[in-house]
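Student: Use the sequences and the hints to build the structure in full.
If you're matching them up, the sequences are chains A and B in order.
Heads up: the first sequence begins at 1 in this note's numbering, then just goes up one per residue.
Heads up: the second sequence begins at 1 in this note's numbering, then just goes up one per residue.
Everything labelled a hint here was simulated from the structure, so no lab data went into it.
Where hints are given, some of them may not hold.
[As the list claims (entries may be wrong)] The list that follows gives simulated cross-link-like pairs (lysine to any residue, SDA-like), each with its CA atoms no further than 20 Å apart:
#1 A:K193 to A:V144
#2 A:K253 to A:V276
#3 B:K247 to B:R269
#4 B:K383 to B:G301
#5 A:K253 to A:M308
#6 A:K124 to A:V209
#7 A:K166 to B:A195
#8 B:K415 to A:W94
#9 B:K415 to A:Q92
#10 B:K80 to B:S65
#11 B:K415 to A:W180
#12 B:K133 to B:D340
#13 B:K118 to A:H77
#14 B:K401 to A:V144
#15 A:K166 to B:L296
#16 B:K383 to B:W366
#17 B:K416 to A:P75
#18 B:K170 to B:A195
#19 B:K247 to B:E196
#20 A:K253 to A:P58
#21 A:K193 to A:V79
#22 B:K92 to A:P75
#23 B:K118 to A:D69
#24 A:K124 to A:A235
#25 A:K166 to B:R204
#26 B:K415 to A:D90
#27 B:K415 to A:R98
#28 B:K238 to B:D430
#29 B:K118 to A:L260
#30 B:K401 to A:P109
#31 B:K118 to A:P75
#32 B:K311 to B:D188
#33 B:K238 to B:W366
#34 B:K416 to A:K253
Only a predicted model underlies this, so the values are computations on that prediction, with no experimental measurement involved.
Letter by letter, the chains look like this.
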Amino acid sequence: MARRDVARRDVARGDIARRRDIARGDLARRGVRLHHPVTPWLLLLPGLAVLAAFSLFPFLTTVRDAFTDARTLVPGHWVGLRNFRDMLRDEQFWVALRNSALYVVLVVPFTVLLPLLLALLVHKRLPGMGFFRAAFYTPVVASVVAVALIWSWMLDDRGLVNGILKALGAGPVSFLGDSWLLLFSAMALTVWKGLGYYMVIYLAALANVPRELHEAAAVDGAGPLRRFASVTVPAVRSTMVLVGALSSVSACKVFSEVFLLAGPTGGPAGEDTTLVMLVQRTGTGLDGRVGYASALSLVVFVIALLLMLLVLRAGRGGNAADREGHR
Amino acid sequence: MHPSRGVVRRTVRPAVPLLALALALSACGSDGGGGGGSAADGRIEGRISFQTWNLRAGYKDYFESLAKEFEKRHPDVTVKWLDQPAEHYADKLGADAAAGTLPDVVNVSPDLSYPLAKAGVLLNLDKEPVAAKFRDEYTAEAWRGNTLPGLDGAYAFPWYLTTGPLFYNKSLFRASGLDPEKPPRTYDELFTAAAEMSRRSGGRTATLAGTPAIEDFGRYGVRLMNDDATRFTYNESKGVELLTRYKRLHDDGGLDPQALTSTPEQAGRKFLEQKVAMNPGGANDLANFRKNAPSLYRNLGITDAPNNTGKPNMYVMGLAVNKNSNHKAAAIAFAHFVTDRRNQEAFAHRVAVFPSTKGSLDDPYWTKDDGTDEGRVRVASAKALKGAVNYTPVVMSDEMKTILRNEVAKALQGKKSPKEALDDAVEQSDRLLRRK
Chain A
1 MARRDVARRD
11 VARGDIARRR
21 DIARGDLARR
31 GVRLHHPVTP
41 WLLLLPGLAV
51 LAAFSLFPFL
61 TTVRDAFTDA
71 RTLVPGHWVG
81 LRNFRDMLRD
91 EQFWVALRNS
101 ALYVVLVVPF
111 TVLLPLLLAL
121 LVHKRLPGMG
131 FFRAAFYTPV
141 VASVVAVALI
151 WSWMLDDRGL
161 VNGILKALGA
171 GPVSFLGDSW
181 LLLFSAMALT
191 VWKGLGYYMV
201 IYLAALANVP
211 RELHEAAAVD
221 GAGPLRRFAS
231 VTVPAVRSTM
241 VLVGALSSVS
251 ACKVFSEVFL
261 LAGPTGGPAG
271 EDTTLVMLVQ
281 RTGTGLDGRV
291 GYASALSLVV
301 FVIALLLMLL
311 VLRAGRGGNA
321 ADREGHR
Chain B
1 MHPSRGVVRR
11 TVRPAVPLLA
21 LALALSACGS
31 DGGGGGGSAA
41 DGRIEGRISF
51 QTWNLRAGYK
61 DYFESLAKEF
71 EKRHPDVTVK
81 WLDQPAEHYA
91 DKLGADAAAG
101 TLPDVVNVSP
111 DLSYPLAKAG
121 VLLNLDKEPV
131 AAKFRDEYTA
141 EAWRGNTLPG
151 LDGAYAFPWY
161 LTTGPLFYNK
171 SLFRASGLDP
181 EKPPRTYDEL
191 FTAAAEMSRR
201 SGGRTATLAG
211 TPAIEDFGRY
221 GVRLMNDDAT
231 RFTYNESKGV
241 ELLTRYKRLH
251 DDGGLDPQAL
261 TSTPEQAGRK
271 FLEQKVAMNP
281 GGANDLANFR
291 KNAPSLYRNL
301 GITDAPNNTG
311 KPNMYVMGLA
321 VNKNSNHKAA
331 AIAFAHFVTD
341 RRNQEAFAHR
351 VAVFPSTKGS
361 LDDPYWTKDD
371 GTDEGRVRVA
381 SAKALKGAVN
391 YTPVVMSDEM
401 KTILRNEVAK
411 ALQGKKSPKE
421 ALDDAVEQSD
431 RLLRRK
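Tutor: Quick look at the structure:
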């Protein structure tokens, strides 16, 4: 490096150091020490306060209430594990647990795979593709109430779907009158409404898949299916795990779709009730059993947490296997 | 390795404001009701809040002028009118009561006032001489309707009463070979007509869009609770008989396929779309039919809801006073003012409801048919109100109503016998009642 350049660099460094000293001096004069240990906490305080007020405090209150017989207007007394024992004897709890479990088992695979296929369809840069991307995303931004209302009209005994079935010579199907069909209809609605959201996540992942890998695989004679299985899927595996974790937690907490299609009773004889619907039904109103609903909420929380850990662990296992394979 | 003292200090110090915040927040959750507010017989003064239930959309002018008139009579009082939507009204009341911010005067029905009164946040009007002196201004049934079991007194000034006729579709009756001028009046006639309609239409036309609710059990003549309201009794033989007949009706196609999940709104829509032949309603529905279903309106029949007891069902609305109000005297005066004869009648003239003050229903407006459909419904309903009872037990919570509905659905689906379903519903509801 020329001597003149070194001198110029030293001058520049000196300038920066001098400016920093001046700034420090100004701040010090104003009584502020940037490296004081409290400073980061002060900066974090507003966010932490919001978190404490709206997440941590309600969570801790819920944990406390789960062990009491609190009602909406009565603080309640400590009852130990009684709420959890009651839960085991509650027929509705088992129905709700079954429905929530079914929701996870049946909805998650679809929300992992279908948006990926959809993303593959629309990630190509072709004229007019923007329209399809927007169209597939529309259900995500639509109100769940409006969407559920439209679906309930379509699935009504005299709705559009039954009209088509009738025109094809098939008898009317009681989508909203039969508890199983109603639950499957709600699942279809959940998958349909989530497609666009997960599609966008996959689009971002697909944009990062190196084109050379596809080209190399094509040169080696791999067809589209083989390229999908051997190039695309491994490349977006971590995104699939993310989508799996997100959708399994959402499926575990499902409320609106079932509530809006099945009505406040949770379908015929309450057979479509999900865990969160049960929390809502038992814990609200002037006579709400807040203690019992809190215990139910705690169970939902633990199940969702376990599910997420399970999916993330499965994803990590897959990645480790991949690494082994590559080695 | 143990953390150094400095590290501990750095960790603990920032947590102090958080703990303070958490403590402050937990303090917010405690009952701030205080010790019972001002004296009920004190001066009528102060700023009071008055909360209604879904009335702003249609009756803003009425309530604003009412508040202004009261303020004119009592210059030391300011009335702040609040209105809450019908959805989650009970939740809103519960949140307010728990936070100690319940408005001074609140619009409640007896099933809503029961838990509030039990939690000690409503004024017992019978125990408060300043309020109890107005008791004779209201009909005995209406005052009794706000008297809560086990709580020894009335907890709301009776406001308006409602009862509804049963609407039916004459065209569907005619198509099924039934006489449109002779609608069913008793449950026997109802079940016979429904079976006939289903048979003649090949199962295409259902008569009803909803399953039996607790009021239906009451009208059928079923004893709903024991005398001290500590145990449900609708699983007695009469209740089982009603459910057995409904099961037959369901099997014969007399109930809409979605009846097991329909809300009253959805059932109303089915009737509007002429998919079912009969549906309970009120005088307010007439304008809706006229506007949205003219062909239905042309064929609309109006009759009384089937009844085996001779006593129709009545819904009661009231105005309760917050026991912890800081201006109790003003709150009592205002609640009485809104529910006095003149104002109740004025409100009932605007809305298709009925006053609960003594002698009001003797007025020609409620006794003479003016030839209009509204007039016909009004006169018939007002007549029915005499001797009407509120069949919904005030101790029956929403959760208990859902339990009954779900057990009824199990019986209709054939998953349980009617007896088993009702026994289970009673057993679950009694368990909830004992834990109250």
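Student: Now tell me, hint by hint, if it's right for this structure.
Tutor: Against the structure, the hints come out as follows:
1. A:K193 to A:V144: It holds: about 8 Å lies between the C-alpha atoms, which stays within 20 Å.
2. A:K253 to A:V276: holds (6 Å)
3. B:K247 to B:R269: This hinted pair is violated, its Cα atoms lying about 23 Å apart.
4. B:K383 to B:G301: holds (18 Å)
5. A:K253 to A:M308: Roughly 12 Å between the alpha carbons, so the hint for K253 (chain A) and M308 (chain A) holds.
6. A:K124 to A:V209: holds (13 Å)
7. A:K166 to B:A195: Roughly 25 Å between the alpha carbons, so the hint for K166 (chain A) and A195 (chain B) is violated.
8. B:K415 to A:W94: Holds, at roughly 17 Å.
9. B:K415 to A:Q92: holds (15 Å)
10. B:K80 to B:S65: holds (12 Å)
11. B:K415 to A:W180: holds (15 Å)
12. B:K133 to B:D340: Judged against 20 Å, a Cα distance of about 13 Å means the pair holds.
13. B:K118 to A:H77: Satisfied, since the Cα-Cα distance of roughly 17 Å is no more than 20 Å.
14. B:K401 to A:V144: violated (27 Å)
15. A:K166 to B:L296: Outside the cut-off at roughly 26 Å; violated.
16. B:K383 to B:W366: Roughly 8 Å between the alpha carbons, so the hint for K383 (chain B) and W366 (chain B) holds.
17. B:K416 to A:P75: violated (37 Å)
18. B:K170 to B:A195: holds (16 Å)
19. B:K247 to B:E196: holds (16 Å)
20. A:K253 to A:P58: holds (17 Å)
21. A:K193 to A:V79: violated (41 Å)
22. B:K92 to A:P75: holds (17 Å)
23. B:K118 to A:D69: holds (16 Å)
24. A:K124 to A:A235: Distance of about 17 Å is within 20 Å: holds.
25. A:K166 to B:R204: holds (14 Å)
26. B:K415 to A:D90: Holds. K415 (chain B) to D90 (chain A) sits at ~18 Å (cutoff 20 Å).
27. B:K415 to A:R98: Satisfied, since the Cα-Cα distance of roughly 18 Å is no more than 20 Å.
28. B:K238 to B:D430: With a Cα-Cα distance of about 19 Å, the restraint between K238 (chain B) and D430 (chain B) holds, given a limit of 20 Å.
29. B:K118 to A:L260: violated (33 Å)
30. B:K401 to A:P109: violated (37 Å)
31. B:K118 to A:P75: Holds, because 13 Å separates the two Cα atoms, which is no more than 20 Å.
32. B:K311 to B:D188: holds (17 Å)
33. B:K238 to B:W366: Status violated; Cα separation ~35 Å.
34. B:K416 to A:K253: violated (30 Å)
When held up to the earlier numbered hints, the structure conflicts with 3, 7, 14, 15, 17, 21, 29, 30, 33, 34 and fits the remainder.
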